[in-house]
Amino acid sequence: MNSRRVYRTVAATSSRLQRKKQHFYRSLLVVGIAGGAVATLSSKKSLAEVPPSKEEYRNLISSQHRQITQSREEPGVYAWGNNSGRVVAPDSTEPVIKTPRRIPYFDGKLLRDIKLDQNFGAAVDQHGDLLQWGAGYSTDNTNPVPTLTGKNIISISLSKDRILALSRSGAVYNLPVSATEQASGPKPHESSWLPLWNPQSPISYKLITPNSLNYSEKVSSIATGLDHILLCTNKGRVFSASTSNTPPTQGQLGVSPLPPTPPYELTTLRSITQIACGDAHNLALAQSGRVYVWGSNASGQLGLEFTSETPIITEPCLLPLQKLYREGPWKATRVAAGGNNSYITVDVETSNRLVADTLAFGQGIHGGLGNNRWTHAQHTPTRIPGLSGLREYDEVRGVTVPIRLAELVVGGTHAAAVLDNITQTMDGGGGRDVLFWGGNGSFQLGTGKRNNVPVPMYLAPLGGDEGGVVNRFHLAPRGREMEQRVHCGRGATCVFSSI
Numbered sequence: 001m002n003s004r005r006v007y008r009t010v011a012a013t014s015s016r017l018q019r020k021k022q023h024f025y026r027s028l029l030v031v032g033i034a035g036g037a038v039a040t041l042s043s044k045k046s047l048a049e050v051p052p053s054k055e056e057y058r059n060l061i062s063s064q065h066r067q068i069t070q071s072r073e074e075p076g077v078y079a080w081g082n083n084s085g086r087v088v089a090p091d092s093t094e095p096v097i098k099t100p101r102r103i104p105y106f107d108g109k110l111l112r113d114i115k116l117d118q119n120f121g122a123a124v125d126q127h128g129d130l131l132q133w134g135a136g137y138s139t140d141n142t143n144p145v146p147t148l149t150g151k152n153i154i155s156i157s158l159s160k161d162r163i164l165a166l167s168r169s170g171a172v173y174n175l176p177v178s179a180t181e182q183a184s185g186p187k188p189h190e191s192s193w194l195p196l197w198n199p200q201s202p203i204s205y206k207l208i209t210p211n212s213l214n215y216s217e218k219v220s221s222i223a224t225g226l227d228h229i230l231l232c233t234n235k236g237r238v239f240s241a242s243t244s245n246t247p248p249t250q251g252q253l254g255v256s257p258l259p260p261t262p263p264y265e266l267t268t269l270r271s272i273t274q275i276a277c278g279d280a281h282n283l284a285l286a287q288s289g290r291v292y293v294w295g296s297n298a299s300g301q302l303g304l305e306f307t308s309e310t311p312i313i314t315e316p317c318l319l320p321l322q323k324l325y326r327e328g329p330w331k332a333t334r335v336a337a338g339g340n341n342s343y344i345t346v347d348v349e350t351s352n353r354l355v356a357d358t359l360a361f362g363q364g365i366h367g368g369l370g371n372n373r374w375t376h377a378q379h380t381p382t383r384i385p386g387l388s389g390l391r392e393y394d395e396v397r398g399v400t401v402p403i404r405l406a407e408l409v410v411g412g413t414h415a416a417a418v419l420d421n422i423t424q425t426m427d428g429g430g431g432r433d434v435l436f437w438g439g440n441g442s443f444q445l446g447t448g449k450r451n452n453v454p455v456p457m458y459l460a461p462l463g464g465d466e467g468g469v470v471n472r473f474h475l476a477p478r479g480r481e482m483e484q485r486v487h488c489g490r491g492a493t494c495v496f497s498s499i
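Residue numbers for the sequence shown, in UniProt numbering: 1 to 499.
Hints were generated in silico from the structure; no laboratory data involved.
Relax, there's no trap hidden among the hints.
Below, computed lysine-lysine pairings styled on BS3-like, alpha-carbon distance capped at 30 Å:
1) 187 x 206
2) 235 x 206
3) 160 x 187
Please build the complete structure, drawing on both the sequences and the hints.
So this is what it looks like as structure tokens:
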């Protein structure tokens, strides 16, 4: 009996010791875990107390700043729209590219100029050499290929099947798009720094040279339609020529009857500062702010009332803008054209402030008039509400100022406007707003949808973020080395890093 009592006592004591031991270990474990948690929280708190850098703050709060920073760190070309000729996406067989996509060949590259057609593309690299690609050039190469080299090209323009290139010296080159025609056509002999040696050009081209240029006068800008070209000199004179083998027939050359030798001088035009061409019509802006028009008026793209007896205007005619602005002084500041559409920007002085208007006229069935109407033909210049009367506050001057357009580019049926809003290019740089509108049959507006848009609209950021009025695409303004520019072609659009 006593032995049993002793056993029970020993067993109970042993059990109590075991429970105390387990409790001790559990306490150590809890303390260890708690200590680790405190250490972790302390570490996190310590890390959180490190303030974000100025750059990190900007990236957090400003989609605009992120876009500008990325565009400068990763220059290149974004393109979208018709890809039937493998122009906007040379490495893809997709017939259309619905949203902006980078062309890998141009990654890290700066360009002087770029132009896109649905069948061929052309660009000028930072050295002034011409690059070509697309099915219209050759089906053997998908990447851009150097063609016209060593000419120091500064800008290019496209006609139906030709590329027109302007060199820094003022020479204008007219070459076929097709690689086959470049190889088989007549090749001129070129001058050389070596005496008695005039090598033959490796490709076929023609020079378009006005014969009556004065001393120090040279061609400073060019513009093209489907079958013609305009040349404007640094002295304000304008010349025209055909880009095809047969003369155009819709009055776009501006001379009647035609002199025997092209290019033809338009002697009624003087002190011209800017030229623009649609498919078969032209606009010229004089230093005085007056605008001249000529060519086809089938859709009212000359801003003149259409009549069956005068569907074309064969010589430059003054556009009567004074009918629109009777209340105060006005001055046209920019002209642009493409397809069957025309655009003008005008500064108007009202009683108490300066107003900047953007006017459109011509074909509106694709939404190109930008006034939320689908007018077939509009001959009276009409204001684009989304691009007229805009103002912003200038913190430096302490006043509100009008927002003009920094650039207005027009394709076959669509257009884009870059606002000249106040930007800071060095510290915390803001970008330029850009708006698109018009035809979208080939997804050339970059919205991802195919419907035409009759009013200027913002595009989503090129990086793929969801777009909107606040989070919208901005072009990088001119910095130390580059700026972003936009181009609208025939059924295609691109944004490129320009030197």
